[in-house]
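Here is what each chain is made of, one letter per residue.
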Amino acid sequence: MGLTAAEIEALRLSLLVSAAAVAGSLPFGVLVAWVLARLRFPGKTLLDGFVHLPLVLPPVVVGYVLLVSLGRNGPLGALLERWFGIAVAFTWKGAAVASAVIAFPLMVRAIRLALEGVDRRLEQAARTLGCGPVETFFTVTLPLALPGISAGVVLAFARSLSEFGATITFVSNIPGETRTLPLALYALIQTPGGEAAAARLCAISVVLAFAALLASEALARRFARRLEG
Amino acid sequence: MLDLAVRRTQGVFTLDVSFAAGSGVTALFGRSGSGKTSVINMVAGLSRPDDGRIVVGGRLLFDSGRRIDVPPEDRRVGCVFQEARLFPHLSVRANLTFGMKRLAPAERKIPFDVVIGVLGIDHLLERHPARLSGGEKQRVAIGRALLASPRILLMDEPLAALDAARKEEVLPFIARVARQFAVPMLYVSHSMDEVLRLADTLVLIDGGRVAAVGTVESVLARTDLRPLTGRYDAGAVVEGIVAGHDEDFGVTRLAFGGGELVVGRLALAIGTRTRVRIHARDVAIALDRPERISVRNVLPCVVRSVAAAEGHLVDVVLDCGGSPLWSQITRQAQAALALAPGLPVHALIKAVTIARGDVAGR
Chain C
7 MGLTAAEIEA
17 LRLSLLVSAA
27 AVAGSLPFGV
37 LVAWVLARLR
47 FPGKTLLDGF
57 VHLPLVLPPV
67 VVGYVLLVSL
77 GRNGPLGALL
87 ERWFGIAVAF
97 TWKGAAVASA
107 VIAFPLMVRA
117 IRLALEGVDR
127 RLEQAARTLG
137 CGPVETFFTV
147 TLPLALPGIS
157 AGVVLAFARS
167 LSEFGATITF
177 VSNIPGETRT
187 LPLALYALIQ
197 TPGGEAAAAR
207 LCAISVVLAF
217 AALLASEALA
227 RRFARRLEG
Chain B
10 MLDLAVRRTQ
20 GVFTLDVSFA
30 AGSGVTALFG
40 RSGSGKTSVI
50 NMVAGLSRPD
60 DGRIVVGGRL
70 LFDSGRRIDV
80 PPEDRRVGCV
90 FQEARLFPHL
100 SVRANLTFGM
110 KRLAPAERKI
120 PFDVVIGVLG
130 IDHLLERHPA
140 RLSGGEKQRV
150 AIGRALLASP
160 RILLMDEPLA
170 ALDAARKEEV
180 LPFIARVARQ
190 FAVPMLYVSH
200 SMDEVLRLAD
210 TLVLIDGGRV
220 AAVGTVESVL
230 ARTDLRPLTG
240 RYDAGAVVEG
250 IVAGHDEDFG
260 VTRLAFGGGE
270 LVVGRLALAI
280 GTRTRVRIHA
290 RDVAIALDRP
300 ERISVRNVLP
310 CVVRSVAAAE
320 GHLVDVVLDC
330 GGSPLWSQIT
340 RQAQAALALA
350 PGLPVHALIK
360 AVTIARGDVA
370 GR
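So the protein sequences, as listed, match chains C and B. If you're matching positions, the first sequence starts at 7 in the working numbering and goes up one per residue. If you're matching positions, the second sequence starts at 10 in the working numbering and goes up one per residue.
Next comes chain C alone, as it looks inside the complex (with noise of 0.2 Å):
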């Protein structure tokens, strides 16, 4: 059983948004989580709070502010086109920019405890052995974190992955562009005789998800290895 054209598009692009979500936003989720892990000022429990907002709103909410906001006639968006000549609205960027931010306490959470677990100790002595502070950051506080950032990362991934509401109420449901396996999986639900293409890619949505997973357990375990030499 071949998978079809359309099977195949909307697999490209899912696994297309879901990684550009990640890789744009761990540089973000990293810095965040550190400052929540790490430093102590007023105004700390509302960023807490702002950051974990999409977990618990509905995503069509969060796709309606993108929309307002980062639409071509938002103000962000706007100003996005106008300086770098970016849209995001309609095409897979913005698809990218939705999974992004639905996922994104999701990794900020698991990067923050993985974080948090780092023995504070150990950087003190690398800052004695002459090693600044950004340095120690790289070479200490990152490489013992990276069990934890790679369960955030693999977390946000499979977030992006099913990621539906702030996707087609910010970018629609265009086949090629913004269509991903579950907005595919929703068109076909919606058409009379589509049923069986649409187990088709329930069954590739349970596959993909499950490798995700798999990985995940597998990078868990390499990391374990190498803190036991």
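Hints in this document: simulated from the structure, not taken from any laboratory. Ideal Cβ positions, reconstructed from N, Cα and C, are used throughout, including at glycine. Any given hint could be a false lead.
Said to hold, decoys possible - Here are some chain B residues the structure puts well away from chain C; computed CB gaps all over 12 Å: (1) Pro80; (2) Pro236; (3) Gly253; (4) His288; (5) Leu296; (6) Gln343; (7) Leu348; (8) Ala360.
As the list claims (entries may be wrong) - Distance ranges between label pairs, derived from CB positions: (9) Arg127(C) <-> Pro114(B): 25 to 33 Å; (10) Arg57(B) <-> Leu52(C): 26 to 34 Å; (11) Arg76(B) <-> Leu53(C): 41 to 49 Å.
With the hints as your guide, set chain B onto chain C.
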């Protein structure tokens, strides 16, 4: 080498410490909670005094008045902590070179091969810290700090987390490091055994303040400091030289100002300078020289002072050819012998009471 005056208030505890330490090993000795570790952290730059001044090797590292606070990475101060704090994601070799490779080659004063030779860790280089024993970890931590060519080596109870056997394993390495590399050492400890075996200078800390500073011998010779130096550990420290061994009986003779001291066979060459602690509880006093007695060390002395100690005990300080000896006896015994300053007596010390931990080669 180290010149320090720091103050810091934390809740109800006030740390107010100032002392200067020369080359060699300076021990910071005191009970837990007395502020020893805080001093180390301030020298390392890991915590900041409210005010004060810290100078290491002629370089000003902290001065509250001039708003100077050199960050830890620029202080060139080596630290060995109670827990080894090795980087678990790096091999032993990468741990060892972590500080070294951040130095310009011209600044690397201590060669890699010499350090791993002295510390006996050459067979561990490719392992990860998780595969090391506690003693091995601590040796690697010492090597890592040394290889960063520090101006001073700070050791914060490096043996406290080890069991007795591991302590005995690591202690000689620290002694060798102190002798072989010309790096001054500030050694925090609450174990008098370690202080005796390593330190030249002793800084006694109590309740966040310096109670006494001086050579180990001079500080330990002060009876007024006994509550701080340890009641059961108390004893005078005598410097001597290995005069000879009697292989038939398995004993070693140590020459010191007051004559000769017979102790169990020491693995030290003839002529080695040694430091011996003689516990006050183990010194008996006789007015006449006893004959036909098992006690091997009968040393003529003069009573220098008699002071009441806790309960039914008195501390008697004896002058034994210039070296102070302490004896702790009951008040009843003191009365029966009418011990008073100036009285010539004999100090009796059983050779078996001087244990290996009491003798340190210098």
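Hint by hint, here is what the structure shows:
1. Pro80: Violated: least Cβ distance 7 Å, not greater than 12 Å.
2. Pro236: 33 Å, holds
3. Gly253: 46 Å, holds
4. His288: 37 Å, holds
5. Leu296: 58 Å, holds
6. Gln343: 51 Å, holds
7. Leu348: Given that every Cβ of chain C is farther than 12 Å from that of leucine 348(B), nearest at about 53 Å, it holds.
8. Ala360: Per Cβ check, alanine 360(B) is outside 12 Å of chain C; nearest 45 Å; holds.
9. Arg127(C) <-> Pro114(B): 25 to 33 Å: About 29 Å separates the Cβ atoms of arginine 127(C) and proline 114(B), which means 25 to 33 Å holds.
10. Arg57(B) <-> Leu52(C): 26 to 34 Å: About 29 Å separates the Cβ atoms of arginine 57(B) and leucine 52(C), which means 26 to 34 Å holds.
11. Arg76(B) <-> Leu53(C): 41 to 49 Å: 31 Å, violated
Against the hints set out earlier in the document, violations occur for numbers 1 and 11.
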